[in-house]
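**Q** Chain by chain, the residues run as shown.
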Amino acid sequence: MATFLTRRTLLASAAIAPMVGTASAADFDWKRFNGSQLRFMVSVHPWTEWAQKQLPALEAETGIKVNLEILYEDQLRQKLPLTLRSDPGAVDAFFTLPSWDGASFARARWYAPLEPLIASDLTAPDWDYSDFFPNILNIHRLNGQLLGVPISTEVQALFFNKAMLDAKGLAPPTTLDTLMAAAKALNDPAGNVAGFVTRGDGVQALYTFAPFLFAYGGRWLDDNGKPELAGAPFINALKYYSEILRAAGPPNVLGMQWKTTYPLFQQERAALFADAVNFLAYFRDPSQSRIVDKVGMVPVPAGPSGSHSTVIAWGPAIAASSKQQQAAWTAIQWLTSKRNMLAASLATTLPSSRKSVFSADAYVKAAPAGVIEIVQSQIPNAVPNGANPLVVQVPETRAAIGQAIIAALRGEDITKAANEAQKQVLAIING
Amino acid sequence: MVDVAAAPRAPVTPRRRRDWTPELLSLPALVAILAVMGFPLLYLGWMSLHRWSLVGFDPPRFVGLGNFAQLVQDERFVEALGRTFWFTALGLVSNLPLGLGIALLMHERFPGRSLCRALLILPMVATPAAMGLVWVIMLDPTLGIVRYLLGAIGIDHPPLWLSDPDLVVPTLVAVDAWMWTPMVALICIAGLAALPPEPFEAALVDGASALQRFRYLTLPMMLPTLMVAAMLRVMDLLKLIDIVYVMTGGGPGHLSETINLYNYLAALSYDKIGYGSAIALVLFAIVIACTLVLIRLRRPAS
Numbered sequence: 250m251a252t253f254l255t256r257r258t259l260l261a262s263a264a265i266a267p268m269v270g271t272a273s274a275a276d277f278d279w280k281r282f283n284g285s286q287l288r289f290m291v292s293v294h295p296w297t298e299w300a301q302k303q304l305p306a307l308e309a310e311t312g313i314k315v316n317l318e319i320l321y322e323d324q325l326r327q328k329l330p331l332t333l334r335s336d337p338g339a340v341d342a343f344f345t346l347p348s349w350d351g352a353s354f355a356r357a358r359w360y361a362p363l364e365p366l367i368a369s370d371l372t373a374p375d376w377d378y379s380d381f382f383p384n385i386l387n388i389h390r391l392n393g394q395l396l397g398v399p400i401s402t403e404v405q406a407l408f409f410n411k412a413m414l415d416a417k418g419l420a421p422p423t424t425l426d427t428l429m430a431a432a433k434a435l436n437d438p439a440g441n442v443a444g445f446v447t448r449g450d451g452v453q454a455l456y457t458f459a460p461f462l463f464a465y466g467g468r469w470l471d472d473n474g475k476p477e478l479a480g481a482p483f484i485n486a487l488k489y490y491s492e493i494l495r496a497a498g499p500p501n502v503l504g505m506q507w508k509t510t511y512p513l514f515q516q517e518r519a520a521l522f523a524d525a526v527n528f529l530a531y532f533r534d535p536s537q538s539r540i541v542d543k544v545g546m547v548p549v550p551a552g553p554s555g556s557h558s559t560v561i562a563w564g565p566a567i568a569a570s571s572k573q574q575q576a577a578w579t580a581i582q583w584l585t586s587k588r589n590m591l592a593a594s595l596a597t598t599l600p601s602s603r604k605s606v607f608s609a610d611a612y613v614k615a616a617p618a619g620v621i622e623i624v625q626s627q628i629p630n631a632v633p634n635g636a637n638p639l640v641v642q643v644p645e646t647r648a649a650i651g652q653a654i655i656a657a658l659r660g661e662d663i664t665k666a667a668n669e670a671q672k673q674v675l676a677i678i679n680g
Numbered sequence: 005m006v007d008v009a010a011a012p013r014a015p016v017t018p019r020r021r022r023d024w025t026p027e028l029l030s031l032p033a034l035v036a037i038l039a040v041m042g043f044p045l046l047y048l049g050w051m052s053l054h055r056w057s058l059v060g061f062d063p064p065r066f067v068g069l070g071n072f073a074q075l076v077q078d079e080r081f082v083e084a085l086g087r088t089f090w091f092t093a094l095g096l097v098s099n100l101p102l103g104l105g106i107a108l109l110m111h112e113r114f115p116g117r118s119l120c121r122a123l124l125i126l127p128m129v130a131t132p133a134a135m136g137l138v139w140v141i142m143l144d145p146t147l148g149i150v151r152y153l154l155g156a157i158g159i160d161h162p163p164l165w166l167s168d169p170d171l172v173v174p175t176l177v178a179v180d181a182w183m184w185t186p187m188v189a190l191i192c193i194a195g196l197a198a199l200p201p202e203p204f205e206a207a208l209v210d211g212a213s214a215l216q217r218f219r220y221l222t223l224p225m226m227l228p229t230l231m232v233a234a235m236l237r238v239m240d241l242l243k244l245i246d247i248v249y250v251m252t253g254g255g256p257g258h259l260s261e262t263i264n265l266y267n268y269l270a271a272l273s274y275d276k277i278g279y280g281s282a283i284a285l286v287l288f289a290i291v292i293a294c295t296l297v298l299i300r301l302r303r304p305a306s
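These protein sequence lines map, in sequence, to chains A and B. Start counting at 1 in the first sequence, then tack on 249, and there's your number in the working numbering. Start counting at 1 in the second sequence, then tack on 4, and there's your number in the working numbering.
To be clear, the hints were calculated from the coordinates, so they are not data collected in a lab. These figures come from a predicted structure and were not determined experimentally. One thing to keep in mind: the hints can contain errors.
Said to hold, decoys possible - Here are the computed lysine-lysine pairs in the DSSO-like style, where the Cα-Cα straight-line distance is at most 27 angstroms:
1) A/Lys-572 / A/Lys-328
2) A/Lys-314 / A/Lys-302
3) A/Lys-328 / B/Lys-243
4) B/Lys-243 / A/Lys-314
5) A/Lys-488 / A/Lys-314
6) A/Lys-314 / A/Lys-328
To be verified - Counterexamples of contact, computed for chain A against chain B with all Cβ distances above 10 angstroms:
7) Ala-443
8) Asp-472
9) Glu-645
Stated by the list, open to error - Chain B stretches covered by chain A per the calculated footprint, using a threshold of three residues with CB under 8 angstroms from any CB of chain A:
10) 137 to 151
11) 164 to 174
Where is the CB? At the ideal position from N, CA and C, for every residue including glycine.
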């Protein structure tokens, strides 16, 4: 499958590498912007909750006072554009999820590029740009420019119920073929157990459908940003996704959102479950799960083109309209330092975007079993922002592609649905 | 003593000077209403004539009636429109008879009536979003309690409720009815309490059966009350969004999407402020038109 790295991004990263680490870490002046007052607009997220608790320490070490405005995600998506548009300079930094708002914010030129700041003496030598997984940085690299700092690594996994697999003498499925066979073998409608469950709600299902699309060698958009939904990979993936869910999914899979899929797996009403690795926390929680000791994870299944998870990451970005970009960078840099990223991962259990966290003893001990392996092994092949086409109109595009997924799940003509999605998305992109 | 008759009379003018005091006194209220009702409406009208994205710094672009022309061709909008009327019709057909029935029961004197009346309003005072989520869990075809209860009476393959394209709208209407029939019942209880007792006593003396008393006395006399309840429910049902958003998000696909939900998505999620405004304006016109029709229907009855 096509790599999402462009030549320009590679050159940009190569140019920065030698610049870091020239001065000694002890010389760095953290107090350079002492007395600055900043306004950050962020969403409710484990990381921002953690960050909020660090603000006193941030102020003590840098003299920068950050006013953290925490909004629910939906509210952030309405208030942030309004504020950036109507009151330039009011917000110095914000929380961004590039798969969702990256293309539109980049087009609006609301992000301040970070590489000039990273390459300057405003960045502590031990912040260590090269410590981030390059493919995770790619999530926040748009049009060749780094526009945010990813604070975690969200990949997907295939979860399995060990006891159910053992009972049938099955190995954890790692390919599309073995997954299909296992799902059908484990499906037991009479016993009220589904072989396999994942999202069946059109808009939401793009996320869980994406690894199947990538396994068939597909991608959402071609190199020119045109949709690629009428081709064989998309159609094959749609056929697979609908076949496995129609044959081995729960009876009500049509319209199922994640809030109704994971409880089935958690309550032993499904043998296999595909979604974000983060769901592991629900399965390991003895107060709500029946499968605490039975849950296992493997990478997303491999198809003709290999195994490719999506990878997405929230992260702070600096507003291009901010008058205090350098102070904002100092604060973000402090929050994303090696030491603090480790602390954040320990506090939130979110897999980090920094390599050093994965090898830190404290994290290795604290991380739930299997998480480090499943995340690290999938990072190189994961598709940054693969959760949906990286376009300006994400929600509308998701709805249009979601219609194709719904049509397939209802047993309608898949090629026709794919062509319709192609037509719709093209119309949406062309406005 | 003053000779009144001799006092010069004021010349008789054909019209007395207009006294503007009532208008002046109501002016503040008028200004307030215009400010809070008129301005948003005018602004909505202005926005509906533009293409406007909040992302970036492009100013709104005037497109005339372009948004409305696009609406007519938008299948999703046309389907949502029809579906909204379907929601409203199903809602009325379920709410009014049920509400009146409950009111008739509650009108009778029986032990525990006050408690029943208090319990009656519980669904209404709960938050629709929270109740929607509770219903999603209860209706889950694998884990939900509804499946368990149906199984207990021998139904092994319960309906798929929210995942069944044919059942999703009736299911949502049922949840809406559970939530809002109590309001209809309350209105009807008030209406029943206000009915004069004499016609009923006369009917009893004449030997009318309970059914006859209901058919020829209660129902006609309750019509104005039912119209008020219908009007309130029609306004709410046409604007239905909360439980749909929470329970299905308009899905599967768009199969339970109402106009108001599409309006919300278009304006605030798809970043098409102008198009969303056009939808809002159409919805507003529909609500006003339906309300006027109901007011007109109510008149001869009263």
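**Q** Against this structure, judge whether each hint is valid.
**A** Hint check results:
1. A/Lys-572 / A/Lys-328: 20 angstroms, holds
2. A/Lys-314 / A/Lys-302: 13 angstroms, holds
3. A/Lys-328 / B/Lys-243: Satisfied, since the Cα-Cα distance of roughly 24 angstroms is no more than 27 angstroms.
4. B/Lys-243 / A/Lys-314: Given that 27 angstroms is the threshold and the Cα spacing comes to 44 angstroms, the pair is violated.
5. A/Lys-488 / A/Lys-314: 53 angstroms, violated
6. A/Lys-314 / A/Lys-328: Answer holds: A/Lys-314 to A/Lys-328 is near 22 angstroms, not above 27 angstroms.
7. Ala-443: Check fails; 8 angstroms does not lie beyond 10 angstroms.
8. Asp-472: 24 angstroms, holds
9. Glu-645: 4 angstroms, violated
10. 137 to 151: n = 5 at 8 angstroms, threshold three: holds.
11. 164 to 174: Since 7 is at least three, the answer is holds.
The structure fails hints 4, 5, 7 and 9 (numbered hints given earlier, in ascending order).
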